[in-house]
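Student: One letter stands for each residue in the lines below.
There are 4 protein chains.
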Amino acid sequence: MTKALKSFASDNNAPVHKAVLGAMMEVNQGDVIGYGDDVYSLEAEQTLKELFGKDVKIYFMLTGTGANVAALSHITRPYHAIVCSDKAHLEKDECGAPEKHTGCKLHHIASDDGKIYPDQVAPYLKSVGFPHHAQPKVISITQATEMGAVYQPEEIKALAHFAHEHDLYLHMDGARIANAAACLDTSLVEMTRFSGVDILSFGATKNGAMAAEAVVFFNRELARDFEYTRKQSMQLMSKMRYVSAQFQALHSGNLWLENARQANAMAKLLADRVSDIPGVRITQKVATNAVFAILPPTAIEKLQRRYFFYIWDAAKHEVRWMTAFNTTEQDIEQFVSAIRDAVDSP
Amino acid sequence: MTKALKSFASDNNAPVHKAVLGAMMEVNQGDVIGYGDDVYSLEAEQTLKELFGKDVKIYFMLTGTGANVAALSHITRPYHAIVCSDKAHLEKDECGAPEKHTGCKLHHIASDDGKIYPDQVAPYLKSVGFPHHAQPKVISITQATEMGAVYQPEEIKALAHFAHEHDLYLHMDGARIANAAACLDTSLVEMTRFSGVDILSFGATKNGAMAAEAVVFFNRELARDFEYTRKQSMQLMSKMRYVSAQFQALHSGNLWLENARQANAMAKLLADRVSDIPGVRITQKVATNAVFAILPPTAIEKLQRRYFFYIWDAAKHEVRWMTAFNTTEQDIEQFVSAIRDAVDSP
Amino acid sequence: MTKALKSFASDNNAPVHKAVLGAMMEVNQGDVIGYGDDVYSLEAEQTLKELFGKDVKIYFMLTGTGANVAALSHITRPYHAIVCSDKAHLEKDECGAPEKHTGCKLHHIASDDGKIYPDQVAPYLKSVGFPHHAQPKVISITQATEMGAVYQPEEIKALAHFAHEHDLYLHMDGARIANAAACLDTSLVEMTRFSGVDILSFGATKNGAMAAEAVVFFNRELARDFEYTRKQSMQLMSKMRYVSAQFQALHSGNLWLENARQANAMAKLLADRVSDIPGVRITQKVATNAVFAILPPTAIEKLQRRYFFYIWDAAKHEVRWMTAFNTTEQDIEQFVSAIRDAVDSP
Amino acid sequence: MTKALKSFASDNNAPVHKAVLGAMMEVNQGDVIGYGDDVYSLEAEQTLKELFGKDVKIYFMLTGTGANVAALSHITRPYHAIVCSDKAHLEKDECGAPEKHTGCKLHHIASDDGKIYPDQVAPYLKSVGFPHHAQPKVISITQATEMGAVYQPEEIKALAHFAHEHDLYLHMDGARIANAAACLDTSLVEMTRFSGVDILSFGATKNGAMAAEAVVFFNRELARDFEYTRKQSMQLMSKMRYVSAQFQALHSGNLWLENARQANAMAKLLADRVSDIPGVRITQKVATNAVFAILPPTAIEKLQRRYFFYIWDAAKHEVRWMTAFNTTEQDIEQFVSAIRDAVDSP
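Chains as they are written, first to last, in numbering that gives the first Met the number 0: chain A, 0 to 345; chain B, 0 to 345; chain C, 0 to 345; chain D, 0 to 345.
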């Protein structure tokens with residue numbers, strides 16, 4: 000465990016963007032009231048309202064799991080079911096927190112790239128009205144998905160239309176929504192509110208922040224009493240200004256987009272540069288900042304001595320490489336060179 | 000809501016100590032693995048182990064409520080009861096999070112200063128073995144209490160002895176444990192491990208940090224599997240180094256103690272300086288950084304125009320004033336002068 | 000543990016009334032659809048609707064704790080608080096099931112006879128709107144109380160008025176509602192719907208049934224989706240006709256009232272007959288079927304060798320004696336004689 | 000909804016066996032202590048201990064969902080995962096009660112006949128030790144399965160061996176365990192304790208009882224404190240003797256086995272008799288008391304006018320027919336004749 004290694008394990012292995020940390024230092028003066036009723040938090044809230052619309056409801060949170068779980072527990076009752084992909088962070092990577100805190104059943108749809116579609120949700124509606132079955136109430140999608148794929152706005156609209164037609168809500172886990180926006184070259188509001196999303200887990204941590212997430216309600220009726228759910232979900236930070244400052248730094252200008260573009264571009268570069276290495280096969284379309292690849296097993300082992308990254312599917316020798324806002328072309332070139340070495344060496 | 004006001008509302012209205020923020024900047028370079036397996040986090044863990052003993056188990060958390068709730072849910076089953084004071088943060092100020100997440104019943108003991116004693120816990124043991132009653136399993140105390148009072152180590156030992164004799168655990172909410180240590184002029188380990196505490200919610204946020212809490216297990220058997228409870232409690236930060244750096248800054252030297260001493264000294268000064276103002280009556284012994292006082296109602300109103308603070312008991316015109324590491328003598332003098340003005344004016 | 004003893008321990012120590020068991024035998028023929036969609040269940044539902052009004056919503060349940068907990072969990076969110084008396088079954092005798100299943104905090108009001116009043120609930124409303132505090136949402140009262148006391152309809156109306164004025168619901172635990180009706184000589188609907196109760200746990204078990212409870216919604220909007228809560232609360236019986244038959248037997252005629260009157264009369268008789276025994280002191284007004292009395296400690300011990308009953312408060316040598324539909328005058332005379340013996344003997 | 004129809008919808012559409020109701024009448028005399036400390040309950044417990052071994056721990060319950068959920072919640076923590084088949088009652092038919100009450104994630108394995116095997120559980124063990132994933136702790140199997148299939152004792156042993164090797168428990172949902180025993184012509188203890196099952200949901204309701212289930216702990220350490228879990232799970236009946244009498248009636252002699260044999264034989268007969276009807280295809284092996292069949296859609300519609308039964312898979316025109324202890328050869332002949340009519344008519 001040394002500091003020296005470059006990590007391709009996750010975009011949360013990156014540090015905090017300098018401007019974000021700078022903004023946190025700037026608010027570090029004097030006393031302000033806690034829990035979000037301070038000027039910095041109100042400013043940051045305003046900034047996000049300019050992105051999403053004046054009438055949305057915004058609540059700052061501390062962790063991505065916290066944002067997902069608090070959002071979903073607030074819009075469900077325990078006898079409801081939540082439909083998501085089998086790759087969803089919700090389903091796979093939150094240690095059962097959604098079940099524990101919402102009480103709901105999770106239905107997961109098998110998906111290669113993490114995207115799901117209305118016709119895959121439809122079969123779960125057979126349970127509606129049958130008291131022995133959990134009642135579907137939310138479709139939760141991830142934008143960009145855990146596999147790096149991106150929903151087109153039309154696909155989101157189709158899901159929203161389907162959801163609302165059947166009295167369901169559409170939740171979006173936007174831990175990497177910036178990367179999706181950069182990929183689609185569209186605005187955050189287009190992919191969310193304008194596409195019919197009811198409630199968004201809005202991530203900043205993976206986009207260059209330290210620990211800053213938000214729950215954004217486009218369906219404002221759903222927001223009623225959310226301040227209690229946030230507090231009870233242990234996600235209400237006392238010194239809130241330091242979360243707010245992170246959002247302000249990223250979203251008062253274009254930093255969020257630049258960060259996402261850089262991460263995406265580096266993933267694309269990486270995928271391009273390894274595409275002709277014998278024995279390396281890219282397994283997912285590279286739309287955002289993740290590259291999935293199959294490597295010779297011995298190469299994986301060698302490479303992991305020099306770089307952090309996760310083995311995605313051991314049986315298939317598939318690995319995941321993620322880039323972040325701080326990944327440079329030089330990082331990629333060195334990594335590619337290491338991959339070549341690892342693959343070449345006997 | 001302006002930035003200019005000095006706040007006596009809470010020690011969480013204070014900013015972050017410069018050295019803490021400095022330490023966070025220092026770790027802000029390059030990639031490190033997430034979720035606590037980085038060198039900075041291991042260092043900080045070592046630092047705390049030097050305080051508490053090599054063999055304790057330490058888990059960093061994000062919020063005080065999160066630390067309390069995760070700790071208590073881990074050492075209880077839902078049919079258990081937790082006994083605490085009626086002033087406990089747990090009982091009063093966590094929006095029912097303990098009940099929601101542990102499933103346990105909370106028994107609260109009426110207390111003026113927030114301290115409880117074995118003979119007050121004893122009556123709840125009548126329920127032991129009776130399946131219609133929740134089964135007492137944890138005594139939770141707060142050091143220093145929400146009323147600013149401090150348990151003597153002997154008092155903690157008596158509670159621990161009583162608890163262990165009856166197969167209960169002793170939990171300490173140490174959101175302001177630094178203030179208690181400063182008051183008692185004793186070490187953190189003396190008041191906790193050496194006094195028989197099984198599990199500690201160890202707070203740094205109110206001691207000059209940004210958002211840094213930890214759960215410390217002195218009873219190491221209880222720690223088994225806590226990594227899952229932490230994650231499921233939505234308290235596992237991905238970029239953990241920034242929490243760790245806060246602990247490192249406060250506890251690798253004496254900063255934590257200096258901060259606490261300053262806060263305590265300023266509370267003492269405030270209490271002394273208002274003691275002769277007619278119409279002002281101090282209602283709790285000032286042991287740490289809280290001053291409770293009764294004021295003429297019109298004075299409260301006037302004073303609140305210039306300073307943030309909470310009305311503690313409206314019926315009794317009782318207010319709470321809290322100091323923090325950043326409170327200065329000048330702050331106190333100006334505040335005292337404002338109190339005099341408010342009381343004097345017709 | 001022999002069969003021979005007469006029990007004054009609880010009205011649930013009584014057997015099932017012959018007519019109730021007879022009704023269960025009568026429905027015991029042929030197949031019917033399960034889970035309540037059978038003719039017997041529809042009939043019983045009709046019978047109860049004649050008591051409470053055609054438009055109420057009625058759901059049969061299996062246990063009193065199940066009825067209380069399912070009812071309360073359905074009309075609350077986990078960040079709510081439920082206000083009840085410190086004698087409430089909910090608070091004392093359900094092993095923390097309300098906290099576990101609703102997630103809510105319970106606020107209990109100290110009460111000698113188990114009755115609570117609006118001015119005692121009022122202080123809890125200070126928490127409204129403060130995100131750190133659980134939000135009061137339900138007042139739960141027990142009719143008759145666990146101490147045998149009875150609310151006058153006007154007292155219930157006052158609580159309902161207060162509740163609705165403050166956006167709270169009024170829940171009634173009616174485990175012994177028949178005894179209350181018999182005492183007040185009023186109808187069940189008068190004490191519930193006409194007095195503003197929103198939701199009732201309607202008990203039959205203690206009134207001569209085997210295991211039959213119901214949740215009755217007077218506020219019909221609250222009933223939406225309750226079929227899922229009942230199922231998820233593990234209270235949906237498959238062979239429902241046998242629960243329905245119990246209600247039908249008790250409520251298609253006056254059996255419920257006769258049973259309650261007999262139990263009440265026997266408690267009154269018992270209280271009268273012991274009132275002049277030296278050393279015996281009745282400690283609660285005897286309005287329904289419970290008698291609380293202080294006895295010399297040696298007398299308690301002797302008496303318990305011949306009869307089942309509970310010591311209510313060991314420190315005060317206070318016992319509880321309950322009568323039931325099957326208690327006879329002869330039972331009382333023999334018991335009184337045993338009490339005399341126990342008190343007299345050296 | 001008339002009383003006249005014969006139902007093939009479920010074995011819980013059957014009435015209560017006369018001898019069971021008779022036993023309930025017999026215990027209906029005089030007072031006995033509640034909640035299971037009465038002679039009848041102790042007798043019934045003894046009876047079951049003769050089946051399963053003197054040292055097992057037995058707790059009577061009210062519903063099958065209640066038995067499953069209380070059992071599983073008692074042996075898990077919320078960060079655990081439970082592995083079962085996708086046909087499991089637990090997964091499909093309990094309205095999310097397992098998730099709500101245990102907090103655990105359910106992993107379901109796709110299965111045609113409801114049986115699962117160690118190699119299908121193995122992949123879930125990859126999560127062990129990874130704090131982002133729920134930790135597998137229980138394998139839950141149903142004997143007989145919801146599809147009417149039966150595990151051989153060797154298959155159960157293999158699952159138990161696998162479970163214990165990996166620090167998991169083996170739970171059996173025995174709602175229809177009597178049918179499985181009848182099919183295998185083996186004892187209840189052979190299929191459970193002797194095959195390594197740790198904890199059993201022992202069903203009587205579908206075997207001719209009214210509402211009688213039990214949780215049986217073969218692994219006695221797991222039973223510690225279960226009396227509190229039962230009470231908190233709202234499954235503790237006050238007038239327990241009436242549940243106990245049901246078990247006594249079924250298990251003090253061979254009634255349980257006769258009932259199961261009759262149900263199984265009638266399913267076999269039904270399957271045989273329809274096997275040559277054109278357009279009718281049996282889709283599952285008939286081992287116990289369920290027959291799954293594909294029929295022409297118009298035939299289904301016609302048949303449902305005269306008989307209750309469920310459409311299992313609408314898309315495939317697959318229905319489920321269940322027999323019970325009270326199904327007679329005449330019932331089968333009439334039903335078969337109705338099936339012929341329905342299939343034949345244009």
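The set of hints was computed from the structure by calculation and includes no laboratory data.
For every residue, glycine included, the Cβ atom is placed at its ideal position computed from N, Cα and C.
Do not rely on the hints blindly, as some may be mistaken.
[What the hints assert, rightly or not] Here are the simulated distance ranges between beta carbons:
| id | chain 1 | residue 1 | chain 2 | residue 2 | range |
| --- | --- | --- | --- | --- | --- |
| 1 | A | Pro296 | D | Ile310 | 22 to 32 Å |
| 2 | B | Asp54 | C | Gly128 | 40 to 50 Å |
| 3 | A | Glu220 | D | Glu328 | 55 to 65 Å |
| 4 | A | Asp271 | B | Asn253 | 30 to 40 Å |
| 5 | D | Phe129 | A | Asp271 | 24 to 34 Å |
| 6 | C | Glu25 | D | Glu153 | 45 to 55 Å |
| 7 | A | Glu220 | D | Glu153 | 26 to 36 Å |
| 8 | A | Asp85 | D | Pro152 | 56 to 66 Å |
| 9 | A | Glu220 | C | Ala121 | 52 to 62 Å |
| 10 | A | Asp85 | D | Asp271 | 33 to 43 Å |
| 11 | A | Asp271 | C | Glu220 | 58 to 68 Å |
| 12 | B | Pro277 | A | Glu49 | 35 to 45 Å |
Student: If you check the beta carbons of B/Pro277 and A/Glu49, does the distance land in 35 to 45 Å?
Tutor: For A/Glu49 against B/Pro277, whose Cβ atoms are near 52 Å apart, the range 35 to 45 Å is violated.
Student: Do the Cβ positions of A/Asp85 and D/Asp271 conform to the proposed distance bound of 33 to 43 Å?
Tutor: Taking Cβ atoms as reference, A/Asp85 and D/Asp271 lie about 41 Å apart, which means the hint holds.
Student: For the hint 24 to 34 Å, verify it against the beta carbon of D/Phe129 and that of A/Asp271.
Tutor: holds (32 Å)
Student: Does the Cβ pair A/Asp271, C/Glu220 satisfy 58 to 68 Å?
Tutor: holds (59 Å)
Student: Using the Cβ atoms, figure out if A/Glu220 sits within 26 to 36 Å of D/Glu153.
Tutor: Because 57 Å falls outside the window, the suggested range is violated.
Student: Would you say the C-beta atoms of B/Asp54 and C/Gly128 sit inside 40 to 50 Å of each other?
Tutor: Holds, since B/Asp54 and C/Gly128 (Cβ atoms, about 46 Å apart) stay within the stated range.
Student: Verify the CB-CB distance for A/Glu220 and D/Glu328 against the hinted window 55 to 65 Å.
Tutor: holds (60 Å)
Student: Go ahead and decide if the range 30 to 40 Å is satisfied by the Cβ distance of A/Asp271 to B/Asn253.
Tutor: violated (54 Å)
Student: Are A/Glu220 and C/Ala121 spaced within 52 to 62 Å by their CB atoms?
Tutor: violated (29 Å)
Student: Is 45 to 55 Å respected by the C-beta to C-beta distance linking C/Glu25 and D/Glu153?
Tutor: holds (47 Å)
Student: Is the hinted range of 22 to 32 Å satisfied by the C-beta distance from A/Pro296 to D/Ile310?
Tutor: violated (49 Å)
Student: Mind checking the hinted window 56 to 66 Å against the Cβ distance between A/Asp85 and D/Pro152?
Tutor: violated (34 Å)
Hints 1, 4, 7, 8, 9, 12 from the list above are not met by this structure, while the remaining hints are.
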